[in-house]
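Participant: Model the full assembly from the supplied sequences, consistent with the hints where possible.
Spelled out from the first residue to the last, the chains are:
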Amino acid sequence: MIVLAFLAQTLRIAIPYLFAASGGVISERSGLIGLGLEGYMLGGAFCGAVASYYSGSPWVGLLGAVAGGAALALLYALTAIRFRADQVVVGIAVNLLVTGATRFFLRLAFHSSANSPRVPGFGAEQSGTGLASLARNPLIWLGILAIAVMAWLLYRTPYGLRVRAAGEHPEAALSVGVPVDRVRYVAAALSGMLAALGGAYLALDQHQFSAEMTAGRGFIALAATIFGRWDPFRAALACLFFAAAETLQIQLQGAQVIPSQFVEMIPYALTIVALAGVVGRAVPPAALGKATE
Amino acid sequence: MSSVESSASAPIAIRLSDIYKSFGPVNANRGASIQVARGEIHALVGENGAGKSTLMRILGGMYAPDAGKMEVNGRDVTGWTTAEAIDAGVGMVHQHFMLVPTLTVAENMMLGREPTSRGQLDSARVAREVTELSKRTGLAVHPQRKVADLSVGEAQRVEILKTLYRGAKILILDEPTAVLSPPEIDELWRVLRGMRERGETIVLITHKLDEVMEISDTITVMRHGQTIAQLTTTETTPAAIAKAMVGRDVQLATHYGETSSRSLELPSASLLEVRDLVVDGPRRASAVDGVGFSIAPGEILGIAGVEGNGQTELLEALAGLRPVRSGSTSVAGRDITALSVKSRGDAGLSHIPEDRHARGLVLDYTIAENLILGQQHRFTTGVRLDNDAIIDNARRQIDAFDIRPAVPSVPARALSGGNQQKIVIAREMSRGFQVLLAAQPTRGVDVGAIEFIHARLRETRNAGKAILLVSADLAEVLALSDRIAVMYGGKFAAVLNRRDASEEVLGPYMTGAEHAA
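In order, the protein sequences belong to chains C and P.
According to the working numbering, the first sequence is numbered sequentially starting from 10.
According to the working numbering, the second sequence is numbered sequentially starting from 207.
Hint data in this document are derived by calculation from the structure and do not stem from the laboratory.
Glycine is no exception: its CB is placed at the ideal position from the N, C-alpha and C atoms.
Be careful, since some hints might not be right.
Said to hold, decoys possible - Which chain C residues face chain P? A few, computed with CB under 7 angstroms, are given here:
| no. | residue |
| --- | --- |
| 1 | Glu177 |
| 2 | His178 |
| 3 | Ala181 |
| 4 | Gly186 |
| 5 | Val187 |
| 6 | Pro293 |
Facilitator: Now the structure itself:
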């Protein structure tokens, strides 16, 4: 039973990572750095909560999240592609913008600086921790599906081939008539939508939006993208690995043997170790972060 | 502009008239014209920076002309896009391959016009079609191999097949032989002649005059962005073409200039001494597998060989850029095996690297800055760079090596290949040195600059220095060397005196058919 509970907890934590990392993979494979994932997630969580609150339906909430994430990612892509701004700088700016904007609109809409009121979400009111209650949450299935669909898109479709070419050798892609910029805009929009679904999962699971509720998960997802060497399945494994580390942290927290501050470091320390371990072998897409001529 | 009526009756495939194109302040094309009849091989020649590639990229739809008219098969196609050009059967093989290294051959073939079945890539169909096309043209490729794993020659085959796969009837090749070995070049000529027989039109951008004479039917010469002459190959001479390219008479240095008549006996005091050098390579266990030689003062040892037989690793190991497994190197009697790049320089070693973009220059630095790279510590006042001294040095070198434009503050990126190479050579030759490692010193450099660089290398030799020359261009090795070593499979397959060497003698050693060392 303990093993099952551990697995259930891990999967539950992994779902937002799976969404965001599949977004990270497509964005980075197309040549756009996925630094804005954190912002898309937080934006998605907020838009999802608001749309769910006003419509009374979590499904409408998901649509709201997708729209919000796409809008943010397209803003990033427009700045990086059309105006050739440095992707690292714009990525950080998007994250800061979303942090501030969600706080601002939280106050505007709900007169609170910390939380939204209770919003309709998925799953039981008293969300259990078992696998059975997890299975009733459609976002769990969507999250797993996101990875499979991303792998199919990337390796089996013309669009995926173009994404891989655009991120690796955009001049070559241009020379055979592939509209590299358009390929990248679409990849950005997809990554925004996926990451936003990951954020919406958090809000709808907790039936509430709270300020800065993504707490760096977008960056963990980016780390998983890199740890997974820009491949959807390997990135998914990385997500599960990080989620397992977090679960371990939660369980150890209860045990009270090690100071909690150290326990809380576990996932992040593991992230650093994992990335340092693959850094020699991880070859990013050659044109990552570079605007086309 | 002298104009020759195009070969009689064949319909005109390409007609570009009065093309203008500028990039910022650089006028790449200033009223360039070219006319090519269907079914002929046309050579577009000119020095680097003459605007050949720009003109052909305009034809291929990569750039739109600022002014001028473009016609293909009689249709006005001015300012078309890459996709439109491909649809109309115009394909271009770029000098720097336009292949995605992480994708397979088949994926590169289909990129941009991917066949699908039920929404998915139809890779099986592409593999089938590529194999078929490969058989028909005699260009052998494996559709499932990754491009990154191909040799340069194979990658070029893929490039040509890629354009044919897209239905090219007009094929533009930008300096296709720059990276090929002699047998691969013969293979390319065979393929191009086959295409000509099938009525396809070929434009070959080049500045190698022997190629022009061997393969082309007609010639357009460009200089400074303009068309200087249109010639028929059978009615002209290499000297006449060279004169049109450069604008003055040139000494065609490619064939056997004077060399000092030194004998094979080991000279008593050698300047460079290499013993049993073994260097690990990326693939093979040892890229350099026990090479030893010495070079005397006033001697050029040329290393011939097909690329990828350890020349790059040998040179990099000697320059201190790559670790050695065993063996020793000494310069003027001093063991430098364990020294850093900087200490090697102080010990009297100078290095012209084979890839000027990767190793020779910082492209975004100015000419003046590039001219002091690696010697910046000699141009300081206190902790600060001494700008006056740097500019002074730049003016002297620009003058001595005829670097154009003669403006110290221009970034190296803005210069033509020949002038970029002159920066590297000026820098490496202006430091106090005893031994010069010259790797591919004239790769991708125009006729005028080749003549200049060869003269400098001979002067250096005559001044009593030792030069190790590595070149993929056999004619260059033959023209400059006093002794010639042939490298094959990481070893010296033969070491010959210049007077005993010729293309015919060296060929079998280069392909590994003979060993003598």
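Participant: Run every hint past the structure and note whether it holds.
Facilitator: Hints, verified against the model:
1. The restraint placing glutamate 177 (chain C) at the interface with chain P holds, with a minimum CB-CB distance near 5 angstroms, inside the 7 angstroms limit.
2. Among the interface hints, the one on histidine 178 (chain C) holds; its C-beta lies about 4 angstroms from the nearest C-beta in chain P, closer than the 7 angstroms criterion.
3. The beta carbon of alanine 181 (chain C) comes within 4 angstroms of a beta carbon in chain P, closer than 7 angstroms, and the hint placing it at the interface holds.
4. For glycine 186 (chain C), the interface hint holds, the least distance from its beta-carbon to any beta-carbon of chain P being 3 angstroms, beneath 7 angstroms.
5. At its closest, the beta carbon of valine 187 (chain C) sits 5 angstroms from a beta carbon of chain P; the interface hint therefore holds under the 7 angstroms criterion.
6. For proline 293 (chain C), the suggested interface contact is broken, since its CB lies about 11 angstroms from the closest CB of chain P, more than 7 angstroms.
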